[in-house]
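Visitor: Sequence:
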Amino acid sequence: MPQYQVDSERIQSSSAAVATSISQIRQAVGGMYTNLNALQDAWRGSAATQFTAVAEQWRAAQQQMEASLESIQRSLTQASTVYADAEIQASRLFAS
Numbered sequence: 001m002p003q004y005q006v007d008s009e010r011i012q013s014s015s016a017a018v019a020t021s022i023s024q025i026r027q028a029v030g031g032m033y034t035n036l037n038a039l040q041d042a043w044r045g046s047a048a049t050q051f052t053a054v055a056e057q058w059r060a061a062q063q064q065m066e067a068s069l070e071s072i073q074r075s076l077t078q079a080s081t082v083y084a085d086a087e088i089q090a091s092r093l094f095a096s
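For what it's worth, the working numbering labels the leading residue of the sequence shown as 1, then goes sequentially.
Calculated from the structure, these hints are not laboratory results. Wrong hints could be hidden among the right ones.
Using C-beta positions, here's what the derived DEER-type ranges look like [unchecked claim]:
| no. | residue 1 | residue 2 | range |
| --- | --- | --- | --- |
| 1 | L39 | E87 | 30 to 36 Å |
| 2 | I25 | E56 | 15 to 21 Å |
| 3 | M1 | F94 | 15 to 21 Å |
| 4 | D7 | A95 | 58 to 64 Å |
| 5 | A67 | R10 | 47 to 53 Å |
| 6 | A86 | A48 | 53 to 59 Å |
| 7 | A79 | T20 | 16 to 22 Å |
| 8 | T81 | T49 | 44 to 50 Å |
| 9 | A95 | P2 | 23 to 29 Å |
| 10 | I88 | P2 | 29 to 35 Å |
| 11 | A17 | D41 | 33 to 39 Å |
| 12 | I25 | T81 | 21 to 27 Å |
| 13 | S46 | S21 | 18 to 24 Å |
| 14 | Q89 | N35 | 50 to 56 Å |
All C-beta atoms, glycine included, are put in the ideal place defined by N, C-alpha and C.
Full structure from sequences and hints, please.
Guide: Written out as structure tokens, the structure reads:
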């Protein structure tokens, strides 16, 4: 029989920490893109075009990473809820 021990509050706390990290990453990336967009307005030529292509590739990878973090955060929230609900339901079985 499988055995497990879970602290659903700690899982929920980790979920909140991931959500905070996502927000901080978005803010930092937004600031970076503000600077890069300003640079692109002042830079023309083949090197600038190549730079833009690389920046777009990075943006796509960053968006994928952000989506992965959001998925992790949602899964942690769901796991915390499932474990907390299971404990409540099991406790009710023994309530008199």
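Visitor: Indicate, hint by hint, whether the structure satisfies it.
Guide: Outcome of the hint check:
1. L39 <-> E87: 30 to 36 Å: 53 Å, violated
2. I25 <-> E56: 15 to 21 Å: 18 Å, holds
3. M1 <-> F94: 15 to 21 Å: 19 Å, holds
4. D7 <-> A95: 58 to 64 Å: 22 Å, violated
5. A67 <-> R10: 47 to 53 Å: 25 Å, violated
6. A86 <-> A48: 53 to 59 Å: Cβ of A86 to Cβ of A48: about 57 Å, so the range 53 to 59 Å holds.
7. A79 <-> T20: 16 to 22 Å: 18 Å, holds
8. T81 <-> T49: 44 to 50 Å: Between T81 and T49, where Cβ atoms are some 49 Å apart, the hint holds.
9. A95 <-> P2: 23 to 29 Å: 25 Å, holds
10. I88 <-> P2: 29 to 35 Å: 20 Å, violated
11. A17 <-> D41: 33 to 39 Å: 37 Å, holds
12. I25 <-> T81: 21 to 27 Å: The hint (21 to 27 Å, Cβ to Cβ) holds, given that I25 and T81 are roughly 25 Å apart.
13. S46 <-> S21: 18 to 24 Å: 37 Å, violated
14. Q89 <-> N35: 50 to 56 Å: Given about 52 Å between the Cβ atoms, the range holds.
Checked against the numbered hints above, the structure violates hints 1, 4, 5, 10, 13; every other hint is satisfied.
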